[in-house]
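There are 4 protein chains.
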Amino acid sequence: MSIYKELKRECYEANMQLDALKLVVYTFGNVSAVDRDKGIFAIKPSGVPYEILKPEDIVILDYDANIVEGKLRPSSDTKTHAYLYQNWDNIGGISHTHAIYSVAWAQAQMDIPILGTTHADHLTEDIPCAQPMRDDLIEGNYEYNTGIQILDCFKEKNLSYEEVEMVLIGNHGPFTWGKNADKAVYNSKVLETIAEMAYRTKQINPDAPRLKDSLIKKHYERKHGKNAYYGQ
Amino acid sequence: MSIYKELKRECYEANMQLDALKLVVYTFGNVSAVDRDKGIFAIKPSGVPYEILKPEDIVILDYDANIVEGKLRPSSDTKTHAYLYQNWDNIGGISHTHAIYSVAWAQAQMDIPILGTTHADHLTEDIPCAQPMRDDLIEGNYEYNTGIQILDCFKEKNLSYEEVEMVLIGNHGPFTWGKNADKAVYNSKVLETIAEMAYRTKQINPDAPRLKDSLIKKHYERKHGKNAYYGQ
Amino acid sequence: MSIYKELKRECYEANMQLDALKLVVYTFGNVSAVDRDKGIFAIKPSGVPYEILKPEDIVILDYDANIVEGKLRPSSDTKTHAYLYQNWDNIGGISHTHAIYSVAWAQAQMDIPILGTTHADHLTEDIPCAQPMRDDLIEGNYEYNTGIQILDCFKEKNLSYEEVEMVLIGNHGPFTWGKNADKAVYNSKVLETIAEMAYRTKQINPDAPRLKDSLIKKHYERKHGKNAYYGQ
Amino acid sequence: MSIYKELKRECYEANMQLDALKLVVYTFGNVSAVDRDKGIFAIKPSGVPYEILKPEDIVILDYDANIVEGKLRPSSDTKTHAYLYQNWDNIGGISHTHAIYSVAWAQAQMDIPILGTTHADHLTEDIPCAQPMRDDLIEGNYEYNTGIQILDCFKEKNLSYEEVEMVLIGNHGPFTWGKNADKAVYNSKVLETIAEMAYRTKQINPDAPRLKDSLIKKHYERKHGKNAYYGQ
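Protein chains in written order, with the UniProt record's numbering: chain R, 1 to 232; chain V, 1 to 232; chain A, 1 to 232; chain E, 1 to 232.
Any given hint could turn out to be false.
Given that identical chains are not distinguished, each listed pair holds provided it fits within a single copy or across any two copies.
[As the list claims (entries may be wrong)] Below, computed lysine-lysine pairings styled on DSSO-like, alpha-carbon distance capped at 27 Å:
| id | residue 1 | residue 2 |
| --- | --- | --- |
| 1 | 157 | 38 |
| 2 | 71 | 189 |
| 3 | 212 | 157 |
| 4 | 223 | 79 |
| 5 | 217 | 5 |
| 6 | 223 | 71 |
| 7 | 38 | 212 |
| 8 | 226 | 79 |
| 9 | 54 | 155 |
| 10 | 218 | 71 |
| 11 | 218 | 38 |
| 12 | 223 | 54 |
Just so you know, these hints were derived from the structure itself, not from any lab.
These numbers were taken from a predicted model, which means no experiment stands behind them.
Generate the whole structure from the sequences, applying the supplied hints.
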């Protein structure tokens, strides 16, 4: 029996959530979960439909994207996951979808502006959209470079990956992360919800203003600050 | 056995309706129910997922938001509920959601204009959007001040809470109420439906006019007037 | 046992279809079915939720809207149904909903232009939107006058109720009809689908042209002409 | 027992998928499957609801649209399918729907621009919209001419049917195909998803640019090129 059985199950269940939450059609998405002690992560195999996916199909890899255990080919986005685990010590899971509203903002090549408290309940910044990759990087190690693209975006915009747990890759779609795979999927759903709210707000009123700083701070603090009073 | 058992069940079932009616994702909403004789109200605990919520988890508080019974922390919006119960004698339940179309109008900071008879079947006024709170109030007792914000909005616009059972908090989302918790949730669903209809109408025809007064009156009267002939 | 048992069941099942097809929320809709031999029609009682509606709750009335059998108050729109049955000999059922896209066009006070073959498969004309009622008629026998409003609209636009089985009441919503109650509900769903397609088409291309006459004729004829080859 | 039993089942199951994937309302769609060895294809009978459709109802025809086996009238679009099988040797299934977003672009008479990687994962070209048919062809053998219209569109735009497995018929709706009926339905769902993403992108940013060539090539190659690394 695999020593990774528990991690595979966590990864499997998070992937099944993508489908249950209607964040994917067919196999347009993947979730991974990391084990920091063992230095490996688990990810969905490429192109396997959710109806037939089993926990034992999950592939185990190290942070250089070498396969450690598993008979199937891992997700085509595996190197992006690997790069993020290698560089961001405090994340436990990563989720990638092609959910409609998140993709629409990514294809529009625009940050999602913070327009209300639903957004501020989760982060205090506009959701960043990384600009499309340079041609020389695309022709190179594409998925690895997608990881670099994300880190460059966060550096350029001076964002913390521990506070902003989501990004849009221009022309592609969203990546989200969190303390574990379950939280990463949660952030995919939150992002899709915020993306739809911002979309509809701008349709009603193209001049709808950004949420003011005092409200951003208040809502974020009551959920995440040191005197937070949300949740149990 | 709790003497609040029945009230807890009413509150629990109304909260579960939010989920069944697709008015919330995750825990982005809360419903309360009041017992006027006992001078207390019941509300959802903060951040507890609907899948595991049980009637006995419901928290009981007085109108000053002191906990009377319950082991869990109450909803982070509890003080807003408390303030409304304290000031509006004739309401029996309150519902708060982050439903998409209601939030979109709130983020657009616009009243929802009365454009048709679906709206007039329920109220004769545009659905008011309270302007975002003043900074000094945000930094103070925020949720309590949200209650003040709602009452100020109704005073300023000269509205009756018994006729207009819903409000949008600018940049946040909707609060609705009614004679009991069930009716409050009903009003959340009605508001979301009206909000979507108004959204789509304005997309088709940005100049779509307000419903004329004679039709507003007719539709409201046939459902709520003294010679009403709607329902049993 | 009621001699109207079979008619009540037809009416009941058509009303339940409104709910199953997601054309209504709560009780915002009603369907009726006529028995031409007996000179009576069956309609949903007012304000009774679908979850508890039973076939024996259905109300039987004559064409002057006098109750013939039934303990419950009939739909508030009953006189509109009665007027249409009285004036249009060849219809067997009528359906009324507040479905979102149909209502949006009605609130926009615009005919739905014929933009494609899905529309032409069912009718060759734009879907008419009757202008809001004159104030003196609203203050009078409102629901009866809604019937007059529909007939006036068809006369003014020179339409045949046997070819155009649907209408939008300005600021209110759609009425549809057909050879029986089942077909009337079918037309409510078709109308809602066409209404959404036209909405989205105009969002993509505000100048999208009307379908050309040759295609309108071809699609209608292959389904409804004397050499029709659609269906069994 | 029919020698076409297996083909009928493949065709039946693909048609049922249209319904399960919410690509059709009522009977607004049809799927066919071909047997190249026998020189025949199987298609849905016209106007039969999915709830009562059975595998043995499927109709078998040759490439000239003559019925080989079956008691029911075949889909009214049968000659379009026949023409495509006759002219395109390497397709095994065809699917036709009236899915909302695909129809909206067809009614807008516009190609769907390639705006992101979800599109590029499946094809490298804008999704072509064939211009509405000439009047003399409409009055002639309409469905047969729809086949000609598709081939003319591909010739004019210099497209390969093996690379671009989908087309919009102006003012009508989408046809998709693939190596078998299942893949044809998959392409109908992919097209509808891409159509919605492009719709929403353009609503957010009407000037959203076409995906750059380097990204188009990269995403297509990693899934379909000779060194593809997507799937198992």
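Taking the numbered hints from earlier one at a time, note which ones the structure violates and give those numbers from smallest to largest. 1, 2, 5, 7, 9, 11
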